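Quick mapping for you: the protein sequence lines, in order, are chains A and B.
Just so you know, the UniProt record's numbering puts 50 at position 50 of the first sequence, and the rest follows in order with no gaps.
Just so you know, the UniProt record's numbering puts 554 at position 554 of the second sequence, and the rest follows in order with no gaps.
Derived from the structure by calculation, the hints contain no laboratory data.
Note that the coordinates shown come from a computational prediction; the quantities given were computed from them, not determined experimentally.
Beta carbons: idealized from backbone N, C-alpha and C, even for Gly.
It is possible that part of the hints are untrue.
[To be verified] Under 7 Å between C-beta atoms, here's a sample of chain A residues computed to sit facing chain B:
| hint | residue |
| --- | --- |
| 1 | LYS188 |
| 2 | LEU191 |
| 3 | ILE249 |
| 4 | PRO259 |
| 5 | PHE260 |
| 6 | VAL262 |
| 7 | ASP305 |
| 8 | PHE306 |
| 9 | LEU324 |
| 10 | VAL453 |
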Amino acid sequence: MTELKLPSLDYAALAPIMIMLGTALLGVLVEAFVPRRTRHVVQLTVALLAVLAALTMVVLNADDRLVTAGQSIAVDGPTLFLQGAILVLAAMALLLIGDRTVERGGAFVAQAAVTAESADDRKQAEGRNGLTEVYPLVTFAIGGMLIFVAANDLLTMFIALEVFSLPLYLLCALARRRRLLSQEAAMKYFLLGAYASAFFLFGVALIYGFTAGVPGRSAGVDFATINAAVSESPASPVLLFAGMALLAIGLLFKAAAAPFHVWTPDVYQGAPTPVTGFMAACTKVAAFGALLRVFHVAFEGGGWDFTPVLGAVAVLTMLVGAVLAVTQTDIKRLLAYSSIANAGYLLVGVLAPSRDGLSGTMFYLVAYGFSVLAAFAVVTLVRDADGEATHLSRWAGLGRRSPFYAGLFTFILLAFAGIPLTSGFTSKFAVFGPALEGGQAWLVIAGVLTSMVLAFPYLRVVVMMWLSEPGESTPTVTVPGGLTSAALMIGVLATLALGVAPDPLLDLATGAAEFVR
Amino acid sequence: MEETVQYAEATGLLGSVWLLVAIPLVSAAVLLLLGRRADRWGHWLGVAAIGAAFVLGLASFFQLRGLENKSVELSLWDFIAVGDLRVDFGLLFDPLAAVFVMLITGVGFLIHLYAVEYMAHDGGRRRFFAYFNLFVAAMLLLVLGNNYVMLYFGWEGVGLASYLLISFWYGRPSAATAGKKAFLMNRVGDTGLAIGIFIMFATLGTTQYDEVFNGVGALTGTTVLVLGLLLLLGAAGKSGQFPLQAWLPDAMEGPTPVSALIHAATMVTAGVYLIARSNPIFSANSTLQLVVVSVGALTLLMGCIIGAAKDDIKRVLAWSTVSQIGYMFLGVGLGGGAYALAIVHLLAHGFFKANMFLGAGSVMHGMKDQVDIRRFGGLSTYMKVTWLTFMMGWLAIIGMFPFSGFFSKEPIIVAAFEREDWTAWLFGGAALLGAGLTAFYMTRLFVLTFHGPKRWTEDIEHPHESPRLMTIPLILLAVGSVGAGFLLSTSVPDWLTATAGLGGEHAEHEAVLPHAVLTTLSLVVTVLGAGLAWFLFRTGTATAPQPAGILVTAARRNLYTDAVNEAVFEKPGIFLTRALVFLDNRGIDGLVNGLAAGVGGGSGRLRRLQTGFVRSYATSILAGALLVMAAFLAVQAGWLA
Chain A
1 MTELKLPSLD YAALAPIMIM LGTALLGVLV EAFVPRRTRH VVQLTVALLA VLAALTMVVL
61 NADDRLVTAG QSIAVDGPTL FLQGAILVLA AMALLLIGDR TVERGGAFVA QAAVTAESAD
121 DRKQAEGRNG LTEVYPLVTF AIGGMLIFVA ANDLLTMFIA LEVFSLPLYL LCALARRRRL
181 LSQEAAMKYF LLGAYASAFF LFGVALIYGF TAGVPGRSAG VDFATINAAV SESPASPVLL
241 FAGMALLAIG LLFKAAAAPF HVWTPDVYQG APTPVTGFMA ACTKVAAFGA LLRVFHVAFE
301 GGGWDFTPVL GAVAVLTMLV GAVLAVTQTD IKRLLAYSSI ANAGYLLVGV LAPSRDGLSG
361 TMFYLVAYGF SVLAAFAVVT LVRDADGEAT HLSRWAGLGR RSPFYAGLFT FILLAFAGIP
421 LTSGFTSKFA VFGPALEGGQ AWLVIAGVLT SMVLAFPYLR VVVMMWLSEP GESTPTVTVP
481 GGLTSAALMI GVLATLALGV APDPLLDLAT GAAEFVR
Chain B
1 MEETVQYAEA TGLLGSVWLL VAIPLVSAAV LLLLGRRADR WGHWLGVAAI GAAFVLGLAS
61 FFQLRGLENK SVELSLWDFI AVGDLRVDFG LLFDPLAAVF VMLITGVGFL IHLYAVEYMA
121 HDGGRRRFFA YFNLFVAAML LLVLGNNYVM LYFGWEGVGL ASYLLISFWY GRPSAATAGK
181 KAFLMNRVGD TGLAIGIFIM FATLGTTQYD EVFNGVGALT GTTVLVLGLL LLLGAAGKSG
241 QFPLQAWLPD AMEGPTPVSA LIHAATMVTA GVYLIARSNP IFSANSTLQL VVVSVGALTL
301 LMGCIIGAAK DDIKRVLAWS TVSQIGYMFL GVGLGGGAYA LAIVHLLAHG FFKANMFLGA
361 GSVMHGMKDQ VDIRRFGGLS TYMKVTWLTF MMGWLAIIGM FPFSGFFSKE PIIVAAFERE
421 DWTAWLFGGA ALLGAGLTAF YMTRLFVLTF HGPKRWTEDI EHPHESPRLM TIPLILLAVG
481 SVGAGFLLST SVPDWLTATA GLGGEHAEHE AVLPHAVLTT LSLVVTVLGA GLAWFLFRTG
541 TATAPQPAGI LVTAARRNLY TDAVNEAVFE KPGIFLTRAL VFLDNRGIDG LVNGLAAGVG
601 GGSGRLRRLQ TGFVRSYATS ILAGALLVMA AFLAVQAGWL A
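Working from the sequences, and respecting the hints, build out all of it.
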């Protein structure tokens, strides 16, 4: 038996991950030892401080280009950029999660175990403070995402996938209102997530088998080994391609690409809105970060033969997202389909095999994250006595009642529609441009056409808000407390800033757009 | 023709020629923005602005005279900088621009002064002066720009001001219609000019005058021809030349000072300016010159014939403007030294035509806005000043020695006879015939208005002379009509030689007839025409329309040009519009709505796949997974390569 040697760890490079995971453990301790009264403040402060600390470490590590922890973790430009993006967006999401003024006691259930729709459930919905366990759960998820975008072998990647997925399943179940819907969403997400994980894991096995078949090399699932095996000897490419397909399926599930998107509308609708925002922004970054790394690092030697297949997936995703968004009647489902369509646009960026494509995709992830969090922030504000009024008919005439928030939401919708002077325009430009240069004109054409279709549902909401008379049932917009306001304004201002002056972030993304191998 | 223009330093006053444009513009803005608050003093601000511009223009003119290189270029800022296209907001003050500045501000000032009194009883006087100032600013920009885009800028500006002023009494349907007509017909010409500028940029990469003119030699003949024809189209639109002449007589619906300044003295000569300015382009292609000459000759005859059949005093003057600008086109088309002759005629015409329009305004002022010359007669005893000043204008326009028209028009006739082939007879003959016809119809106008028996409508008992503020400009302009021609014809051509290609090489060919014979001939036809008219109309005319022969009927109907316009452009245009609306409603909207319905329907159907059952979700994921797997393996097998 060979001696087990501990791999060397670069603690500074791993610091963001360790801070988040450590804070999650700390959060569990806080749950146990801090009195209930102050728990919420402490948890929120700790989580935000941890995110800030991790972000600081990411900035300090900005020049790192290394592989550490054996071959498991790569800290390079894309890792740092995406980790930074996840942390910034997670901070915004934490602000939404921490808000207890919009909904008295917060958006989360006070007692998760009460039977839904029972008298106890109604009582818990009345105003008792919500669970504070959400904070450790969210910090665990953030930690998992940070690992996910840094993972340099498939097993680490799988573990990271589970680390951030499991807390998300739980978080989905914790909505204070409409408990059944929330629980159903969590259940579906969990079942289908487990199903998708199985595909991913099976893919890992096949890839391992492929590398083992390459003569003169040791088998392994780290990306360097896979890369070498792919470029040196296509010994048994059936294994390679089958494995690649299964890996892609696992990742595309998280990215909400068609036909693996089916969970998205139900889960986005059922989950507490702050969590939906967190998923739409951060999970997307993590999933696409992993996709980028897998295809740019591990399978780069395959000559991008798989482009047509993934291109077809991208087109299908855009089509499904755009076409289905047209007939949605619930704002959260509408945003879910918009998120699916955006996954299609992001795939266009992934399939542009150039530095610009990589940087454009990363830029898109950040820009979209800001906008979508701001959108869900507005959704949390439009309420009536029963909680959020998400049915679109209820939004009619909102512009008359609350011109300011309706104006902000209009701006965000215009950004989603890709109108110039918003980040929606610059980010689409950033992914379509390289794709066109990379010879993927058909993807760009599909992207532009579906954008046109998608503009319809967005503008329909705008028209409803501004051109309809407010009815009896038009809810009022709750004037938000500081936390939600902060998140909303950050999102809106970032959407505007990245639309007017995208260069600084684009330069940053371009500077970071190189993987280590 | 490679010529490098040497520019002098823009020092002293010449550095501030931009004020020429800025002063009237600011005044216009003040008058428009202050609204009714400026009603009491607004007109004086308008007059003062033009007066200041005139003083500045005069001073700049004298400073320019003292310079060795008589061209000053002033680049103010980058106007447009997109890709390869760079357009300066730049001004060029050279001899050609200088004479135009003098004309616009000088005559403009007198007409502004006149309008203070003429518009005194009109509630919209402040608005009138605002538009009037706007016009002057745009017109000055037009002549001062140092590239075609600046020219176009001013060109559109004067078009706008012209539209606003023709429709100044927008309550009258005829005025509103006339404004629209002018605007639309100008649009046809403007489009030609715009495309011409695009061609310049496409082939030469610049719109700066000097760079364009240096580059013309490198262009193919066809390009130059197309470019020149497009510029000519623009010029014809603005100057009321064939085939775009129909708007100008209708434009008389505007107040009389507008007719005098815009539709006689300045704006309508912009086309002549454009061709004179672009002389290197027009001189580069003889076909082009032939077209210009033909347009000029045809229009000058048309104007004379129609003018002879009209009874509205302002319309007769308008058609005479069309005809006189025809002379100018003839001049600029002849090329060489005749460019300068055309400019001289333009300046002289600016004086005597403004004089006569203001005189007509004075008559209308005294006759309760009557415009029908059959209803005048015998006014010479009642309106002495108007009569005498109008007489100066009349003698000037018919080219009687020693009035200005003689010195400015007769050289053009001579120059037309100097062409080298048989066309000398054609165009020279047309010009000569035109001189006789001009004498005829202008004498008819003069005699019917001021002499013969009174044929007034019953409500007029004692027509009065206009107040001092109106007669003083008349007198000053009359002095110009008398003396200007001689002064201009000797000094201006020399002065204009400093502008590249204008003047200089005069008379390359001998005229087909000796100079003295031609001069005598033109005087003879003038006297004949005038005498005939005097003889026919000395006893007045019937006050109702008389049956007439084919020619007169045709002339009364503008030689059927309106009917042609209607049949060739308006009817097909309306049909095209209807067809397009139909196509849009049925075809394009149908397609768009159909597509939208298709998407909506597809969406509704696809929605049913989203059942909410996790088992069916799992199934669809599995199906998708199988497809993706199959596709990947197909890629591996090379089927999708």
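Going through the hints against the structure:
no.	hint	result
1	LYS188	holds, 5 Å
2	LEU191	holds, 5 Å
3	ILE249	holds, 5 Å
4	PRO259	holds, 3 Å
5	PHE260	holds, 5 Å
6	VAL262	holds, 4 Å
7	ASP305	holds, 5 Å
8	PHE306	holds, 6 Å
9	LEU324	holds, 6 Å
10	VAL453	holds, 6 Å
Violated hints: none; the structure is consistent with every hint.
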